[in-house]
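Let the sequences and hints guide you as you build the complete structure.
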Amino acid sequence: MAAPASAYKDRQFLAVIGDEDSVTGLLLAGIGHVTQPPDSQKNFLVVDSKTDNAAIEEAFNRFTTERKDIGILLINQHIAERIRHRVDTYTAAFPALLEIPSKDHPYDPEKDSVLRRVRRLFGE
Amino acid sequence: MSGAGNREAVFPTRQSLGLMKSKLKGAQTGHDLLKRKSEALTNISSYAITEITRRIDEAKRKMGRVMQIAAFSLAEVTYAVGGDIGYQVQESAKSARFRVRTKQENVSGVFLPAFESYTTDGNNDFGLTGLGKGGQQVQRCRETYARAVETLVELASLQTAFVILDEVIKVVNRRDINSELDELDREEFFRLKKVQNKKQRDTAAQDAEMRLKREAAEKAEAARGATSSDKENESGTGDILGESEDADVIF
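Protein chains in written order, with full-length UniProt numbering: chain A, 1 to 124; chain B, 1 to 251.
If you are wondering where the hints come from, they were derived from the structure by calculation, not from laboratory data. In this text, a Cβ means the ideal position worked out from N, Cα and C, and glycines have one as well. Please note that a few of the clues may not be correct.
[What the hints assert, rightly or not] Residues from chain A that keep clear of chain B, each with C-beta distances beyond 12 Å, as calculated:
id, residue
1, 56
2, 58
3, 62
4, 66
5, 84
[Claimed, not checked] Label-pair distances were calculated between CB atoms; the ranges are:
id, chain 1, residue 1, chain 2, residue 2, range
6, A, 120, B, 111, 22 to 28 Å
7, B, 51, A, 85, 29 to 35 Å
8, A, 35, B, 139, 23 to 29 Å
If you want it as structure tokens, here you go:
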């Protein structure tokens, strides 16, 4: 049942899709990373009210499926809400997807995709 | 008795009786152990799931608190620096100082992944942030967020473990269903075989009966044919005209 080592060995970064404050804070913690110049990919995306859902979804796909060096993807819950269908259908173990609260939007366990899965498992 | 076919050949002596007894005991112990192992595995996985979900719940609540504190400390920075540092921070982020290592732990035969955070020394992307003023607050904010991220990493480990266990349980259930289906298949096959056997037997019986009838008819015909052939012709024309049938209908 072990996942092959290649599935997780190189996953050493965290990625974040969040509002400006969340991203700033997390970058201050030191998770920010930009890959080598030719493509210079950032591992974070700042979302505000002007960012459209397609851009969020594209970043989500990039962090979850395209890049193989991301171990954990953090996403603000209110942003996850905007691409809920995509978040709910994401079931892979790597990278781990984590919905985090933001300053203006406190955490709501009812919306969390993983906690909902937990409840479904227990048949509640 | 089905045992008669595969009974073990034993020479009836006292010594071999002792030998057989110890063999039987060994087999029973082995069977017991296997049974206990399978039960333990199912118990452990359900236990692990409850334990993990409890810890996920706890960690998520903790995350809420920690992130709130972190957001507050960032507000302090904004106030101390006297402006938004977001843009500056985003531009100066180059290489991750805070990274994770992924490893797998074997928990009773199931490999659960775990993230472990570590910081790389030597690079400091934000050396200039808050250099003018608010340096202390920036420093404090960084520490707060680093702690917050550690909580998040912990939570991610738990969550991934849950996702994987969930999959394992699904696979196990599926395996049960598969074996059940196989059993049904075998039953159906046996039934079909039985039906086929019976059909074969029936057709064989019918064949034999028909053969007997035909033979009898042939004998009778041969006997009749020997006596008169013109009678047969008459009955043939009678059939064609259908007179006999009409008679049947009337009576």
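Checked hints:
Every CB of chain B is more than 12 Å from the CB of residue 56(A) (nearest about 17 Å), matching its label as outside the interface. With a cut of 12 Å on Cβ distances, residue 58(A) stays outside the contact zone with chain B, its closest approach being about 18 Å. Listed as outside the interface, residue 62(A) is consistent with that label: its C-beta sits roughly 17 Å from the nearest C-beta of chain B, beyond the 12 Å cut-off. A cut-off of 12 Å between C-beta atoms confirms that residue 66(A) is not in contact with chain B; the least separation is 18 Å.
With a least CB separation of 18 Å from chain B, residue 84(A) remains clear of the 12 Å interface cut-off, as annotated. As the Cβ distance of residue 120(A) to residue 111(B) is approximately 23 Å, the hint placing it in 22 to 28 Å holds. Range check, residue 51(B) to residue 85(A): about 31 Å between beta-carbon atoms, so the 29 to 35 Å window is met. For residue 35(A) and residue 139(B), the hinted distance range of 23 to 29 Å is satisfied, since their beta carbons lie about 28 Å from each other.
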